[in-house]
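Asker: Using the hints provided, position chain B relative to the given structure of chain A.
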Amino acid sequence: MHEMSLCEGVLQVLQDSARQQGFLRVKTVWLEIGALASVDVEAMRFSFDVVVNGSLANGARLEIIGLPGRAWCMPCGQTVSVEQRFDACSECGSYQLQVTGGDEMRIKELEVE
Amino acid sequence: MCTVCGCSEGEARIEGHDHGHTHHHEQGHGHSHAEPLHDYSQGPAHAHAPGLSQARMVQIEQDILGKNNEYAAANRRWFAERGILVLNLVSSPGSGKTTLLTRTITDLKQALELAVIEGDQQTTFDAERIRDTGVKALQINTGKGCHLDAHMVGHALESLSPGDGSVLFIENVGNLVCPAAFDLGEAHKVAILSVTEGEDKPLKYPDMFHAAGLMILNKIDLLPYVSFDAEKCIGYARRVNPGIKVLQVSATTGEGMDDWYCWLRANRQLAAIGS
Chain A
1 MHEMSLCEGV LQVLQDSARQ QGFLRVKTVW LEIGALASVD VEAMRFSFDV VVNGSLANGA
61 RLEIIGLPGR AWCMPCGQTV SVEQRFDACS ECGSYQLQVT GGDEMRIKEL EVE
Chain B
1 MCTVCGCSEG EARIEGHDHG HTHHHEQGHG HSHAEPLHDY SQGPAHAHAP GLSQARMVQI
61 EQDILGKNNE YAAANRRWFA ERGILVLNLV SSPGSGKTTL LTRTITDLKQ ALELAVIEGD
121 QQTTFDAERI RDTGVKALQI NTGKGCHLDA HMVGHALESL SPGDGSVLFI ENVGNLVCPA
181 AFDLGEAHKV AILSVTEGED KPLKYPDMFH AAGLMILNKI DLLPYVSFDA EKCIGYARRV
241 NPGIKVLQVS ATTGEGMDDW YCWLRANRQL AAIGS
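Just so you know, the protein sequences line up as chains A and B, in that order. As numbered in this note's numbering, residues 1 to 113 make up the first sequence, in order. As numbered in this note's numbering, residues 1 to 275 make up the second sequence, in order.
No lab work stands behind these hints: they were computed from the structure. A couple of the hints might just be wrong.
On the chain B side, residues computed to face chain A include the following (Cβ under 10 Å) [claimed, not checked]: (1) Val-58; (2) Gly-66; (3) His-147; (4) Asn-175; (5) Leu-203; (6) Pro-206.
The beta-carbon is built from N, C-alpha and C at its ideal position, and this holds for glycine as well.
Just chain A, with the same shape it has in the complex (with noise of 0.2 Å):
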């Protein structure tokens, strides 16, 4: 459950950038999470209400856009799309990929006012 923590950083992120650019209220917050993040997204969703409850963004709408995993396969070259951390290039099978994309956990945009 460290979403719990996760979701305190983005509470945090929110007051911060309250104090800076003034609003008073989150409505809405779009969260870009990568398919290789470790991160589950239920128990994000489920943090992020009890986090934010009392807060500026009390009730406020969680958006997740998820990212795709992309690895590239250093025997064959080719860049693949990965869903897990082990998954096998899918054009030669190999396991010796690096992953490009998809481990993202950021803060993308909020509706605020």
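Answerer: The following block gives chain B in isolation, referenced to the frame of chain A:
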């Protein structure tokens, strides 16, 4: 709440660190913020009259772990300036982390300066076990938390103050999931897996084995009594992390421990040279 670094009022407790007192911030936690964009063109309300309340969009583009990563970077700089080798020991509960650590300390404490940060949800049992060996140890209780974070470690350093050129072991909370995502500023994560667990754990918990630089297969003295296929396990670990190094040891009998000590000494020398 600490207004300088934003210490949470959560349940985490660091031995000897009372959140009622003033914090020292000589580590200079960096607080950098992205320059966000005020872009009214995307606001759903499209209202431009000054003072008129409207919903608006704010581009943030910030890493959720950004704050932890800043603390981790500050820790890493602190370690580099002092030539300290820091290892983040991660495993499931019961893999023998503390036994491995106490044996290592007993064998190496004459030759190297060692220090330990112990992370557990509750109790100071592990730190006491380490202190019994005569080495400096500090317990962090995470309360409900499932992992250590870089901020907790930063504060622990203030009271532990490991010496220049020393080796600092951070024994993380027994958990193969959550500590994977939290950089503490360590040189390497060391994943410890014992042969009494499933050989498929590297595939079941790929994030951890992907993040680790070294996997220690512990309790190999028990191999004749369990149906654990070590080669298969190592194969699985290399699938999620082709570059992972693997050592096979028994902290009880001492088998393989010399290889671990060689690895430690080599990495300590690299840390002493500086980054």
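Asker: So, as I understand it, the hint says B:Leu-203 touches chain A; can you test that by seeing if any CB pair is closer than 10 Å?
Answerer: Since chain A brings a Cβ to about 5 Å from B:Leu-203, closer than 10 Å, the hint holds.
Asker: Identify whether the interface hint at B:His-147 stands, where standing means a beta carbon of chain A within less than 10 Å of its own.
Answerer: holds, 6 Å
Asker: For the hint on B:Pro-206, does the least C-beta distance to chain A fall short of 10 Å?
Answerer: Status holds, d = 4 Å.
Asker: Measuring from the C-beta of B:Gly-66 to each C-beta in chain A, is the shortest one below 10 Å?
Answerer: holds, 7 Å
Asker: Using Cβ atoms only, decide whether B:Asn-175 comes closer than 10 Å to chain A, and label the hint accordingly.
Answerer: Holds, because the Cβ-Cβ distance from B:Asn-175 to chain A comes to roughly 9 Å (cut-off 10 Å).
Asker: With a cut-off of 10 Å on the beta carbons, see whether B:Val-58 makes it to chain A.
Answerer: holds, 5 Å
The structure shown violates none of the earlier numbered hints.
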